[in-house]
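Asks: Work the whole structure out from these sequences, hints included.
From first to last, the protein sequence lines stand for chains V and B. Just so we're aligned, residue 6 is where the first sequence starts under this note's numbering, counting upward by one. Just so we're aligned, residue 2 is where the second sequence starts under this note's numbering, counting upward by one.
A few of these clues could be false.
Claimed, not checked - Taking lysine-lysine and the DSSO-like style, the derived pairs with C-alpha atoms no more than 27 Å apart in a straight line are: (1) B:K50 - B:K82; (2) V:K250 - B:K56; (3) B:K22 - B:K204; (4) V:K28 - V:K88; (5) V:K250 - B:K82; (6) B:K331 - B:K236; (7) B:K56 - B:K88; (8) B:K204 - B:K152; (9) B:K152 - V:K124; (10) V:K48 - V:K153; (11) V:K250 - B:K88; (12) B:K204 - B:K61; (13) B:K88 - B:K50; (14) B:K204 - B:K50; (15) V:K28 - V:K48; (16) B:K204 - V:K250; (17) B:K50 - B:K22; (18) V:K235 - V:K124; (19) V:K88 - B:K152; (20) V:K153 - V:K28; (21) B:K50 - V:K250; (22) B:K61 - B:K50; (23) V:K250 - B:K236; (24) V:K250 - V:K153.
To be verified - Which chain B residues stay away from chain V? Per the calculated CB distances, all over 12 Å, these: (25) P94; (26) M124; (27) I140; (28) S145; (29) S326; (30) P355.
Note that these hints are calculated values from the structure, not bench results. Glycine included, each C-beta is placed from N, C-alpha and C at the ideal position.
Spelled out, the chains give:
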Amino acid sequence: MAIYLTKESKVLVQGMTGAEGMKHTRRMLAAGTNVVGGVNPRKAGRSVDFDDRAVPVFGSVAEGIAATGADVTVVFVPPVFAKAAVTEAADAGIPLAVVITEGIPVHDAVTFHAYAAAKGTRIIGPNCPGLITPGQSNAGIIPADITKAGRIGLVSKSGTLTYQLMYELRDIGFSTCVGIGGDPVIGTTHIDCLAAFQDDPDTDLIVLIGEIGGDAEERAAAYVRDHVTKPVVAYIAGFTAPEGKTMGHAGAIVSGSSGTAQAKKEALEAAGVRVGSTPTETARLVLDRLAQ
Amino acid sequence: MDLYEHQARELFEEHGILVPKAEVTESPREAREIARRLGGRVVVKAQVKTGGRGKAGGVKLAADPAAAELTARQILGMDIKGHTVGKVMLAQPVDIESEFYVSYVLDRAAGRFLAIASAEGGMDIEEVAANRPEAVARIPVDPSEGVTTAKAAQIAQVAGLPDRTVDVLVRLWDVLTREDAVLVEVNPLVRTSGGQILALDGKVTLDDNARFRQERWGTQEAAHDDALEAAAAAKGLNYVKLDGEVGIIGNGAGLVMSTLDVVAGCGARPANFLDIGGGASAQIMADGLSVILSDSAVKSVFVNVFGGITACDAVADGIVQALESVRLTKPLVVRLDGNSAVEGRAILDGRAHPLVEQATTMDGAARRAAELANAH
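Replies: What follows is the structure, encoded as structure tokens:
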């Protein structure tokens, strides 16, 4: 089962022929992902060899879907082309678009967010590492070889913190890990993933990783309180971040008194979620909870 | 990137929004000349990127050019919430009949912009919203339609603003979208006794991600108040100066934020945020180390890397090469974990630099870096 991505998923890569696209398509294939094609209008009709596999290049997402039945696209195009790429994917009716691209202007994200929602396309990201269902499929840039398949679901705003937790809990393993991205406007949220993990029979426990900025974690806490019966363990980064400074991720900023790590931690704890003070302690809390 | 008030004022003016006549200067002597040009009586306003200027004494009325010079002299160099005043704006006083509040802000949860408007302007809008939420209208804007005249009329009507603000609301939306801003706020928007609608004070935040299509921003480069931040920015580093003793280098924004917290939890204060991203090349490691080592407050440095896509042996090679070009003057604690961590650690052991030590866990490394910083 897992969420959003399984070994059945047929994956297109928009921007496959660029440097990042090439590098990560090779990694995705190595992780078992069924990459059925790349999209690049200037290289349509050709194919690209990845070790033992030739991956065809299509002129558009619609052509790729028509030829392969693709149901996931991973977007690696540069920020200037991202809005057009996501809009095209939504127009083609793709169910899931994973937008890895970092540095997309907020107005573009707002526009394609509304557009994709109207077309019924789920977006993960932008500015995210994508998602992985270990042992089945990997859509994005998450390193596949640091963990194994298991029964923990993970949702996170941060890439490297996701990797850190995946690695610390590698002996337990994960159903699906979703990096939702650190931008102010994102498609799939903590709440979407909580709901999906709650319904996923292959997930026993959910790890939620948040960081300063916005109130997504507070809203996730309310959702856990009202709708999630599976155990949830959380980690929040950014307690020492000063007000008004952007900490790496475009969305990671404390504005006035809102968006602080402390407020997020308190909201989660009030909802019965254990919150670790370091990534390692968070992993320990997961182990404790699973041992109960 | 936040703009100064005078920059926001210029943007408003370019988009056809009425603003008071005003000029900016760094010199008290010139302030006198400006006041003379503006008719003698002026408001002298500190140009700092923080709120609460008025309460801090950064906004004062001057009765004549001589008083303007004196007031400018008092305000220039003043410290307002950690920001040193480098410029003042002198503006013609306005005869205010009533004050309003309008802004377009990003509603992150909904993924679209929100118009916020109130007939009770001039005050802290968060306070008004907390005490009397019914006095503040919050209206979502459909991104595919934007703020049309009809939408603006709806906003004005719900908020109880006069009809003449409708045109300003449409023009402010133009500022937001055409200038790639993520925040446009006018507080107060005023009606003068002559019935004109004027933007008296404004705040604009531009979207750094849109720099590639906003070429004119080159001239409005975010001034880094801090010399180390300026040096880091010049090297293209993702660096934020903090007030501590433990220099921090890590890969990935979330991991670096987490590293700051873990160091703080060990009883030391982080000196900076520095995310070297996925690549972690020798060059970026050397650049990062040289900026951090030039911070005189730094007593120890913690390099915290999780090898995901970039394997730890490549990171270790980067550190070893960086140590060729940067003279290490403070102890360096390195934690390598994840892909090829064992190989990476062996490379650093082989280099055997007397000031470099390793720890295998993030928490252990943070404790050691804190200890080293506190021992000095």
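Asks: Are the hints correct? Go through all of them and say.
Replies: Hint check:
Among the hinted pairs, K50 of chain B with K82 of chain B is consistent with the structure: their alpha-carbon atoms are about 10 Å apart, no more than 27 Å. The hinted pair formed by K250 of chain V and K56 of chain B meets the criterion: a straight-line CA distance of about 23 Å does not exceed 27 Å. For a cut-off of 27 Å, the pair hint linking K22 of chain B to K204 of chain B stands: about 17 Å separates their Cα positions. Restraint check: the Cα-Cα separation between K28 of chain V and K88 of chain V comes to about 22 Å, which is no more than 27 Å; the hinted pair holds.
Between the alpha carbons of K250 of chain V and K82 of chain B the distance comes to roughly 14 Å, so the proposed pair stays at or under 27 Å and holds. For the proposed pair K331 of chain B and K236 of chain B, the alpha carbon gap of about 21 Å is at most 27 Å, so the pair holds. Straight-line distance between C-alpha atoms of K56 of chain B and K88 of chain B comes to about 18 Å, which keeps the hinted pair within the 27 Å bound. Our distance criterion of 27 Å between C-alpha atoms is met by K204 of chain B and K152 of chain B, whose separation comes to about 22 Å.
Taking the CA atoms of K152 of chain B and K124 of chain V, the gap is about 24 Å. The hint holds against a cut of 27 Å. Restraint check for K48 of chain V and K153 of chain V: the C-alpha separation of about 36 Å exceeds 27 Å, so the hint is violated. For the hint pairing K250 of chain V with K88 of chain B, the CA-to-CA distance comes to about 22 Å; that is within 27 Å, so the pair holds. A hinted pair counts as satisfied when its Cα atoms are at most 27 Å apart, and K204 of chain B with K61 of chain B qualifies at roughly 19 Å.
Distance hint between K88 of chain B and K50 of chain B is fulfilled; the C-alpha atoms sit about 11 Å from each other, no more than 27 Å. Proposed proximity of K204 of chain B and K50 of chain B is supported: the alpha carbons are some 9 Å apart, at most 27 Å. The suggested pairing of K28 of chain V with K48 of chain V holds, with an alpha-carbon distance near 18 Å, which does not exceed 27 Å. Proposed proximity of K204 of chain B and K250 of chain V is supported: the alpha carbons are some 16 Å apart, at most 27 Å.
For a cut-off of 27 Å, the pair hint linking K50 of chain B to K22 of chain B stands: about 21 Å separates their Cα positions. Annotation: proposed proximity of K235 of chain V to K124 of chain V is violated, straight-line Cα distance about 31 Å (limit 27 Å). For the hint pairing K88 of chain V with K152 of chain B, the CA-to-CA distance comes to about 25 Å; that is within 27 Å, so the pair holds. Under the criterion of a C-alpha separation no larger than 27 Å, the hint pairing K153 of chain V with K28 of chain V is consistent with the structure, at around 22 Å.
Restraint check for K50 of chain B and K250 of chain V: the C-alpha separation of about 12 Å stays at or below 27 Å, so the hint holds. Restraint check for K61 of chain B and K50 of chain B: satisfied, since their Cα atoms lie roughly 17 Å apart, inside the 27 Å limit. Taking the CA atoms of K250 of chain V and K236 of chain B, the gap is near 19 Å; set against the 27 Å cutoff, the hint holds. Of the pairs offered as hints, the one joining K250 of chain V and K153 of chain V is violated, with about 37 Å between alpha carbons and a cut-off of 27 Å exceeded.
The non-interface label for P94 of chain B is consistent with chain V: the shortest C-beta to C-beta separation is roughly 29 Å, beyond 12 Å. Non-interface status of M124 of chain B relative to chain V is upheld: no Cβ of that chain comes within 12 Å, the nearest being about 15 Å off. The beta carbon of I140 of chain B is kept farther than 12 Å from every beta carbon of chain V, the shortest such distance being approximately 16 Å. Non-interface status of S145 of chain B relative to chain V is broken: a Cβ of that chain comes within 12 Å, the nearest being about 6 Å off.
Every beta carbon of chain V lies more than 12 Å from that of S326 of chain B, the smallest distance being close to 25 Å; the non-interface claim holds. Listed as a non-interface residue, P355 of chain B keeps its Cβ farther than 12 Å from every Cβ of chain V; the least gap is roughly 29 Å.
The structure is inconsistent with the numbered hints 10, 18, 24 and 28, although it conforms to all the rest.
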